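Residue numbers (the numbering used here), protein chains in the order written: chain A, 1 to 220; chain B, 1001 to 1260.
For the record, the hints were derived by calculation from the structure and aren't laboratory data.
None of these values were measured; they are calculated from a predicted model.
Cβ coordinates follow ideal geometry from the N, Cα and C atoms, glycine included.
Some hints could be false.
[Said to hold, decoys possible] Using C-beta positions, here's what the derived DEER-type ranges look like:
1. A:L6 x B:M1249: 44 to 54 Å
2. B:R1239 x A:R210: 23 to 33 Å
3. B:M1129 x A:L49: 18 to 28 Å
4. A:I173 x B:R1056: 45 to 55 Å
5. B:V1247 x A:A182: 33 to 43 Å
6. B:G1224 x A:A170: 49 to 59 Å
7. A:S86 x B:V1247: 20 to 30 Å
8. B:T1153 x A:N65: 17 to 27 Å
9. A:Q172 x B:N1117: 47 to 57 Å
10. B:S1253 x A:V94: 48 to 58 Å
11. A:I92 x B:I1243: 48 to 58 Å
[Claimed, not checked] Just a few of them, taken from the derived set where beta-carbon distance is under 10 Å, the chain B residues facing chain A:
12. V1044
13. P1045
14. A1049
15. L1073
16. E1172
17. H1178
18. T1192
19. Y1201
20. S1227
21. G1231
22. L1252
[As the list claims (entries may be wrong)] Just so you have them, the derived chain B footprint on chain A, three or more residues with Cβ under 8 Å:
23. 93-100
24. 131-138
25. 197-207
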Amino acid sequence: MFRWFLPTLVAVIVAVIVLLGTLVPISAFQNAREILLRGATVLAAFALLLAFGNLLRVHIGRIVNQPSSSGPVKKHRLASILLVLSALASLIVVLLEGPAGSTSQILMEAVLIPGQSALLALTAVTLVVAGMRLYRVRRHVNSLLFLMAAILAILTVSPGGLPFIGLPKALQIVVDLVNSVATGGIRGLILGVAIGTIIAGLRVILTIDRPHSPKRTVSR
Amino acid sequence: MGSQLIAYGAPLSIGIILLSALALAVYGAQRGRRAREARTLSVVPLFHAFADEVGRAAEEGTSIHVALGNGGLLGEDSMVSVAALQGLSGLTELSTAYDTPPFITTGDPTLYILADNQIREAHMRLGTMDHYQAASVRFVAPTPSLYAAAAGTLCNDEAVGTNISLGSFGAEISLLTHTTAAKGIKGYGGTTAAPGLAALYPELEADEVAIGEELFAGGAEATGRLSSWAGLRAQDLLRWLVIIGIVIMAILSLMGISVS
């Protein structure tokens, strides 16, 4: 009973206090909310340590337990070795110098930021390739509408429209129409997600859903 | 204290009344006859395909990769990730029973713990804890683009037959979907953010993607619980209330009446 009862009780009490701290302008609730949120941040830091340990365990397992050492397996083992060494080295550097230290900053500016920038640039390429694959996956008039919307989006992104031509008035009207429809669609999407989020949160507070504790029974 | 409450006035009262009404609606609707009838309706076909994929993975000796994204429990996408995990609960139970558990990747440490808990619980319920592997749930990278690239690398390296991307993603998910498409891996996906949907839309067919709020139907589709269907009905009710409110505000605005 304690495997599900205690986590559920803690979750409900904390959720109610945080909710009251958000809605009710009483300093006691607001202070309690702040304390609980700070505690959650500390717990998340410990979760990061656990996750980091899992990352190391998986890759060390890959290094140690591979059945053969040829071809792709050798490449994977090398990648895992590099990952484990770089992860441990980064951890040691940050522990010794702190995140604002010179070596930490060099790692950030010379390795992490360029790497992420390269991946974001690659994202643009993969999105274009996905667009080209669209007609193989979805042979439907909606794909044509998607293509037209993409072309109009490209026209609006470039300042002044097409080079040497600008943006003709007729096309501007179409662009404005598409933008208003798209804005309405995005807002509808966001509203639907917001409603779903509220209901999902209420279900956790009412203990209908208990992602934090083991299932007892499944009611049908 | 009383004066503070009075000063806060109408917005607070409305907020508390609305939340209380929603709570009653969610709790009460699960006992209704209509919730039982609604159980027969299928909202999102995506979640029904998972059982077939588990069978296919078991036959072909491949694995199912589940990408949960970067929506951590402390962020605004926490409920999106919780809903995604609920939608996957049927998959994890069935695949654990077939002894072909999916391998799950996450980009957030708190989400990693939740996902690991779900796999571990599935093994405990089936009495197969000796088959549980810590590597079946992996935290791969903390940032979205690194996560998508690392998950794509894993799909490339391991014998993956199916990729399911369910959770909070941005446009960087195209790094993963591109890899799976290039390798001929069967794909499914769903997210709530528009850039992520724009990346998934060209790669997946209509019944392979969950758009926006359809993600929150996963729990009902996977478990069939009356309470889950009641939650969907409460969502529908609230959506209609919002639509009516928008129409009323638009009419009042046209008539020149401002409501502030």
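Status of each hint after checking the structure:
Distance hint check: the CB atoms of L6 of chain A and M1249 of chain B are about 46 Å apart, consistent with the given range 44 to 54 Å. Under the hint 23 to 33 Å, the C-beta atoms of R1239 of chain B and R210 of chain A, about 26 Å apart, fit the expected range. Between M1129 of chain B and L49 of chain A the beta carbon distance is about 24 Å. The supplied range of 18 to 28 Å therefore holds. At about 50 Å, the CB distance of I173 of chain A to R1056 of chain B agrees with the hint of 45 to 55 Å.
Here the CB-CB span from V1247 of chain B to A182 of chain A is close to 20 Å, at odds with the stated 33 to 43 Å. Between G1224 of chain B and A170 of chain A, the C-beta spacing of about 53 Å keeps the proposed range 49 to 59 Å intact. S86 of chain A and V1247 of chain B have their C-beta atoms about 57 Å apart, which leaves the hinted 20 to 30 Å range violated. Take T1153 of chain B and N65 of chain A: their Cβ atoms lie about 19 Å apart, and the range 17 to 27 Å holds.
Range check, Q172 of chain A to N1117 of chain B: about 54 Å between beta-carbon atoms, so the 47 to 57 Å window is met. Separation of S1253 of chain B from V94 of chain A is about 54 Å and conforms to the stated range, judged on CB atoms against 48 to 58 Å. Between I92 of chain A and I1243 of chain B the beta carbons are some 56 Å apart, a value that agrees with the proposed interval 48 to 58 Å. The criterion of a C-beta within 10 Å of any C-beta in chain A is not met by V1044 of chain B, whose closest approach is roughly 12 Å, and the hint is violated.
For P1045 of chain B, the interface hint is violated, the least distance from its beta-carbon to any beta-carbon of chain A being 15 Å, above 10 Å. Here the hint on A1049 of chain B is broken, as its CB sits about 16 Å from the closest CB of chain A, past 10 Å. Because the smallest distance between the Cβ of L1073 of chain B and any Cβ of chain A comes to about 8 Å, under 10 Å, the interface hint for this residue holds. The interface hint given for E1172 of chain B is met, as the beta carbon of that residue sits about 5 Å from the closest beta carbon of chain A, less than 10 Å.
Because the beta carbon of H1178 of chain B sits about 4 Å from the nearest beta carbon in chain A, less than 10 Å, this interface hint is met. The beta carbon of T1192 of chain B comes within 4 Å of a beta carbon in chain A, closer than 10 Å, and the hint placing it at the interface holds. Because the closest C-beta pair between Y1201 of chain B and chain A is about 7 Å apart, less than 10 Å, the hint holds. With a cut of 10 Å, the hint placing S1227 of chain B at the interface with chain A holds, because the nearest CB-to-CB distance is about 5 Å.
Evaluation of the G1231 of chain B hint against chain A yields a held restraint, the C-beta minimum of about 5 Å falling below 10 Å. The restraint placing L1252 of chain B at the interface with chain A is violated, with a minimum CB-CB distance near 19 Å, outside the 10 Å limit. Counting residues of the segment 93-100 of chain A whose beta carbon lies closer than 8 Å to any beta carbon of chain B gives 0, which falls below the threshold of three, so the coverage claim is violated. A count of 5 residues in the segment 131-138 of chain A with a Cβ less than 8 Å from any Cβ of chain B is obtained; the coverage claim is therefore met, three being the minimum.
With a threshold of 8 Å between beta carbons, the proposed coverage of the segment 197-207 of chain A by chain B holds, since 10 of its residues qualify and at least three are required.
Hints 5, 7, 12, 13, 14, 22, 23 from the list above are not met by this structure, while the remaining hints are.
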